[in-house]
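Enquirer: Residue-level listing of the chains:
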Amino acid sequence: MALPVSSRFSLTSRSSRRTSRRLAADAGLLVVAATFALPLLWVILSSLDPHADLKVKAPDGLTLDNFHAILKPDITFTPLLNSLILCGSGTLLTVVCSALAAYPLSRFQSRLNRPFLLTILFATSLPITAIMVPVYALFVQVNLIDTMQGTIFFFAASQLPFGIWLMKNFMDGVPKELEEAAWTDGASSLQSLVRIVLPLMGPGVAVVTVFSFVMMWGNFFVPFMLLLTPDQMPASVSINEFFGNRGMVAYGQLAAFSVVYSTPVILLYVLVARRLGGGFALGGAVKG
Amino acid sequence: MTTAPRQATGPDAPKTTPGPAPHQQHPHNGNGTGTRPRARIRILTHHLLPLSPALILLLLFLAVPIGYCAYIAFTDLQLTGQAHSSFVGFENFRTAFKDAEFLNAVWLTLVFTVLSSLVGQNTLGLALATLMQRASKPIRTLTGAIVITAWVLPEVVAGFLLYAFFRREGTLNAILDWLHLPSQNWLFTLPILAVSFANVWRGTAFSMLVYSAALNEIPQEITEAAEVDGAGGWRRMWHITLPMIRRSIGTNLMLNTLQTLSVFGLIWVMTRGGPGDKSQTLPLFMYEQAFQNSMIGYGTAVALLLLLVGSLFSVLYLRLLRTEV
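Going down the list, the sequences are from chains A and B.
Sequential numbering of the first sequence, starting at 1, is according to my numbering.
Sequential numbering of the second sequence, starting at 1, is according to my numbering.
By construction, these hints were calculated from the structure, which means they are not laboratory data.
Quick reminder that beta carbons are idealized off the backbone N, C-alpha and C, glycines included.
Check each hint, because a few of them may be wrong.
Below are the SDA-like pairs computed for lysine to any residue, each with C-alpha atoms no more than 20 Å apart in a straight line [stated by the list, open to error]:
| id | chain 1 | residue 1 | chain 2 | residue 2 |
| --- | --- | --- | --- | --- |
| 1 | A | Lys72 | A | Lys57 |
| 2 | B | Lys137 | A | Lys72 |
| 3 | A | Lys57 | B | Lys137 |
| 4 | B | Lys137 | A | Thr19 |
Not the full set, but computed from the structure, chain A residues with beta-carbon under 10 Å of chain B [said to hold, decoys possible]:
| id | residue |
| --- | --- |
| 5 | Gly61 |
| 6 | Leu62 |
| 7 | Tyr136 |
| 8 | Leu160 |
| 9 | Gly218 |
| 10 | Pro230 |
| 11 | Ser258 |
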C-alpha cells in the first residue's frame, strides 16, 4: 500500500482542505445559530429577570416572580385548559377520522382513490386563512359561533387533509400479508385495522397526532375568529388579549407566559423527532 | 380534480390505477364468487363507511365554507344591521381593483412573499443544509436545534419575540448601537422588512429539513468525482447539486409560498398591519374590511382572490409532485 509521494501529498492537502472547509462551515453555521438564538435568549432571560425589558441582557438577578405572577387561573390555567380541550379533541377527531379514511385508501383498489387523494393533497396546501371570514359568517347562521365544538370541528377539518395523506403513506408501509392471516381467521376490517395495522405503524400515528396537535396549539387565527367569550379563549388568543391590550406591558411576565405556553409543543416535537431520527419524516412526507 | 389525466406518473399511481388484473382486487373478497349486489354492499361497508366521518367533516367544514365564500363574495353582506344581503355581481371585485388600499395590500403581500419565502427561507434553508453537510456534528446539531425551535414555537410567541427584537428599545438596536451603527424604530420605518425577517426566522427550518433530506440523497460518488475533476464549490453547487435537487426546490418553493400567503398572527402581533397600512398584507386587509369596516361581502371577495392564488400554487405543487418519483 505504499503510495507514490505525489499522491500522498495530494491526499494530505485534500484532507487539510477538508478540515479548513469544515471550519468555515462551522463558523457560518455558528453565525446563523447565534442570530437565530437571540430572540430565544431574550424570552428565557427575561422570564427570569425581575427588571426585564425588550433587549437581550444579563438578568439583574434570577427570580421566579414572573412565573409566580402568571401561574394563576385567569391568566394561565384557564387558557391552557381551553387550549388542551380544543387541541386535544381536535387532534383525537383528526387521528381517528384519518386512520379510518386511510384504511380503504391504502388497502382496497378503486378508481376513485386517485382523484380523492389528489383532492386531499390539493386541500392540504389551501390557505385556510382565506376561508375564515366565510366560516365566521356561516357559523353565525348555524349558531356554531363562540362554541368549543364548532371550533373543534373546524380544527379537525382543517388538519384532516394532511392527516389522511400522512396516515395513508405510513399505512402503505405496513405489508398486507400480515392482515390476510387475520382475514382468513374471520377478522373484520375494523378489527384488523385496530389490532394489526395501527400498532405496526405506531410511529406514523405518533407523527400525525403530534403534528396535528402542534399545529392547533399554535394556531391563532381560527380561535381568534370563531370564539368570542374571553372565558373560552385558548392561550394563543388570550396571550395577545391580555398582554397586548394593557398600556404598561410587564415584559418579564409576557416572557414567562410564552415559556409556559411553548414548552408542551417543544417537548412533543422532541419526543417524535427523537423517535424518528431528526424530523425528516415530515420532509419525506411533504415530498410525497 | 376529477379531470386530471390518469397517467401512471403520480406517487400513488401503482396502487390506485385501475388495475388490469382484477383477481388482485379485494384479497379478502371471499373467493371471487360474490354476486354483484353483495360486492356492492361490500364496497359500501368496506370502502365508504370508514371514509364517511372524514368525508362529512371535510364537506361540512371545508367544502361548504369554500362554496359559501364563492357565494358571498358576490353579495353586499354586512356584519350588522342588515335584513338581508343582495347579489351585486362583480361589484366587490370592481371596487377592489379601484381601491388604493387593496392594491397596496397586494403589493405588500408580493414584497412579503418574495422577501421572506422566495429569497429568505428558501436561500437560507439551502445554505444551512449545505453547510450542515460539511460541518462538525456538535455544531450541526446545535444549529439544527435552534432553527427548529424557532419553527416549532407557536405563531403568537414568535410574533412577540420578534416584536421585542425589532422594537426601538430592542435587541437589534442595542447591537447596532454597540457597533456604532445608526439605529432606528424598525417596526415604524420598515415594518414590512421587519415582518419579512420574522417570517424568515420562523419558517427557515422547514426549507432546511427539506433540503437536508434532498442533499443526503445525492450519491457521494458524484460530488467526489466532480471534486477530483477540479470543480470548485460554487461550480459543483450550480452544475451538480442544484440540478439534482431541483424537484425539492420546486416543492419547497410552492409550500413556502402557500404558507407565507396565509400568515396572519405573526404580522398581527408585531404591527397589526400598521403603522397605517404599511405592513397590511392581504389576510390583514381582508380581516379589516370584514370586521372593522363590517363589509363581509367585500372582505370575502378579497378572500376569494387569495384562495384563487393559493389554488393556483396548489395545482402547480400537485403537478410538481406528479413528475417526481
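Enquirer: Given the proposed pairing of Lys72(A) with Lys57(A), does the C-alpha separation stay at or below 20 Å?
Expert: Roughly 27 Å separates the two Cα atoms, so the pair is violated.
Enquirer: Does the alpha-carbon distance linking Lys137(B) and Lys72(A) stay inside the 20 Å limit?
Expert: This hinted pair is violated, its Cα atoms lying about 42 Å apart.
Enquirer: Minimum Cβ distance from Gly218(A) to chain B below 10 Å?
Expert: Nearest chain B Cβ about 4 Å off; hint holds.
Enquirer: Taken at face value, is the distance from the CA of Thr19(A) to the CA of Lys137(B) at most 20 Å?
Expert: holds (13 Å)
Enquirer: Taking the closest Cβ pair, is Tyr136(A) under 10 Å from chain B?
Expert: Holds. Min distance 8 Å.
Enquirer: Given a cut of 10 Å on the nearest C-beta pair, is the interface hint for Ser258(A) held or broken against chain B?
Expert: holds (5 Å)
Enquirer: For the hint on Gly61(A), just tell me whether its beta-carbon gets within less than 10 Å of chain B.
Expert: violated (20 Å)
Enquirer: Between Lys57(A) and Lys137(B), does the CA-CA distance stay at or below 20 Å?
Expert: Status violated; Cα separation ~29 Å.
Enquirer: Taking the closest Cβ pair, is Pro230(A) under 10 Å from chain B?
Expert: violated (16 Å)
Enquirer: Can Leu160(A) be said to touch chain B, with a Cβ gap under 10 Å?
Expert: Hint holds; Leu160(A) Cβ to chain B Cβ min 6 Å, cut 10 Å.
Enquirer: Can the hint on Leu62(A) be confirmed by a CB-to-CB distance to chain B that is less than 10 Å?
Expert: violated (19 Å)
Comparing the model with each numbered hint stated earlier shows that hints 1, 2, 3, 5, 6 and 10 do not hold.
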